[in-house]
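J.: Input sequences plus hints: build the corresponding full structure.
From first to last, the protein sequence lines stand for chains A and B.
In terms of the working numbering, the first sequence has 218 at position 218, counting the first letter as 1, and numbering is strictly consecutive.
Counting from 1 along the second sequence, just add 1000 to a position and that's the residue number in the working numbering.
Worth flagging that the hints you see were computed from the coordinates, not collected in a lab.
Treat each hint with caution, since some may be false.
What the hints assert, rightly or not - Distance ranges between label pairs, derived from CB positions: (1) Glu1020/B - Val205/A: 49 to 55 Å; (2) Lys1083/B - Asn213/A: 18 to 24 Å; (3) Ala1010/B - Asn171/A: 26 to 32 Å.
As the list claims (entries may be wrong) - Restricting the straight-line Cα-Cα distance to at most 30 Å, the calculated cross-link-like pairs of lysine-lysine (DSS-like) are: (4) Lys172/A - Lys194/A; (5) Lys227/A - Lys120/A; (6) Lys1052/B - Lys99/A; (7) Lys1100/B - Lys250/A.
No experiment lies behind these values; they were computed from the predicted model shown.
Backbone N, C-alpha and C define an ideal beta-carbon position, used for all residues, glycine too.
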Amino acid sequence: MVKSSKEYDVIIIGGGPAGLSAGIYTARARLNSLLVERGAVGGQIINTEWVENYPGFAENISGTDLTEAMHKQATKFGLETLVAEVTGIDIKGKQKVVKTSQGDFPAKAVIIAGGSERQKLGVPGEAEYTGKGVSYCATCDGPFFRDKAVAVVGGGNAAITEALELTKFANKVTVIHRRDELRATKILQEKAFKEKKIKILWDSVIESITGDNFVDTVKLNNVKTQKKTDLKVSGVFMAVGFKPNTGYLKGIIELDKTGTIIVNEKMETSVPGVFAAGDIRSNSIRQVIAAAGDGAVAAIGAEKYIAE
Amino acid sequence: MSKPVEIEEAKFEESVLKAELPVLVDFWAPWCGPCKMVAPVVEELAEEFDGKVSFVKLNVDNAAQTASRYGIMSIPTLMLFKKGEPVDTIIGFRPKAELKKSLDMAL
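T.: The structure is reproduced here in structure tokens:
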């Protein structure tokens, strides 16, 4: 299975905007660079239909097109890409070995940009009905709910973006939010409040998801009045936050209590020569532009580290 | 035949239900990010299971009836068919090792 044991200058873990930007910088710096990605490149942003806030694109660009362009740009400068799952990192003094499902790869420096994945809500019925009405991707699954009623759980940017997206298909979109105000950015809130198909249920949490073969009801509790109600829906879209993909890093690199990687302003982690970038690092603002910026900072840090 | 083959809905019966070999159907659509993510992994599995499993891709955009018949409400969905019956279903992006294990167990 081991494809190569040659030492790379830099191995980048994760092919979202952070990893791809890091790759553009390290490859342009003429460092032998390998990007390891478990599937196709793109990261979370490929679930976003239109990216409206990445500078330089006055006409909207899709998340997929944006990241494909980044990958093309990095590849042009010599970045290699490997499809593999990273299972661990061995720190052997100055050398780091990235362990993957396709073999072990030594490198002088490592940039961890493995991003995050959708958080599960953790209520009865959620696991059972995943793919049978419970979904974590509105752009993927919205079309299956044409002329049906759906719920979106959450109150942040992801939740409101998904609710708006779902109005193209569903006949009614109920946003279930545990607080009495949204966290989503104002322009999204304005759009949501104006959209007739969207109704927001404030101060409400899902207690369970029920149905027969497919979802038909969510059981709700109002956290202020304790009043319990049932809401008939065919789909429940979860947008209740993200968890970082750092499971394999515990005990190797310092993580904060939410599991993200602790970095300084140079994107240096607790291990010299190991950098982190994008949504996976502590206090990330979870935006493409920030991830891209982190990637550049980490890449320049890696370049300096290797030169020393 | 070690690459996944894109089929039309009209060919589903012939290519999947009446196939000699077990068939892994990748229900996908062009608008779906995780479907794109999983595609290179499915391609690698197609190579590794060459001769044991055939791999087809069905774009649900043009195959609404088949998708609905098998209760597809989330993509990507990978469904393994043996002798015309679905025997295993994997919903969403999963790493290759996990997919391989599921395939090995179902075969």
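J.: Does each hint hold? Answer for all of them.
T.: Here is what the structure says about each hint:
1. Hint check: Glu1020/B to Val205/A, Cβ distance near 51 Å, so the stated range 49 to 55 Å holds.
2. Distance hint check: the CB atoms of Lys1083/B and Asn213/A are about 23 Å apart, consistent with the given range 18 to 24 Å.
3. Range check, Ala1010/B to Asn171/A: Cβ separation about 31 Å, and the 26 to 32 Å hint holds.
4. About 14 Å separates the Cα atoms of Lys172/A and Lys194/A, which keeps this hinted pair within 30 Å; it holds.
5. The suggested pairing of Lys227/A with Lys120/A holds, with an alpha-carbon distance near 24 Å, which does not exceed 30 Å.
6. A C-alpha spacing of about 29 Å is found between Lys1052/B and Lys99/A, which places the hinted pair at or below 30 Å, so the restraint holds.
7. A hinted pair counts as satisfied when its Cα atoms are at most 30 Å apart, and Lys1100/B with Lys250/A qualifies at roughly 26 Å.
Violated hints for the displayed structure: none, as all numbered hints are satisfied.
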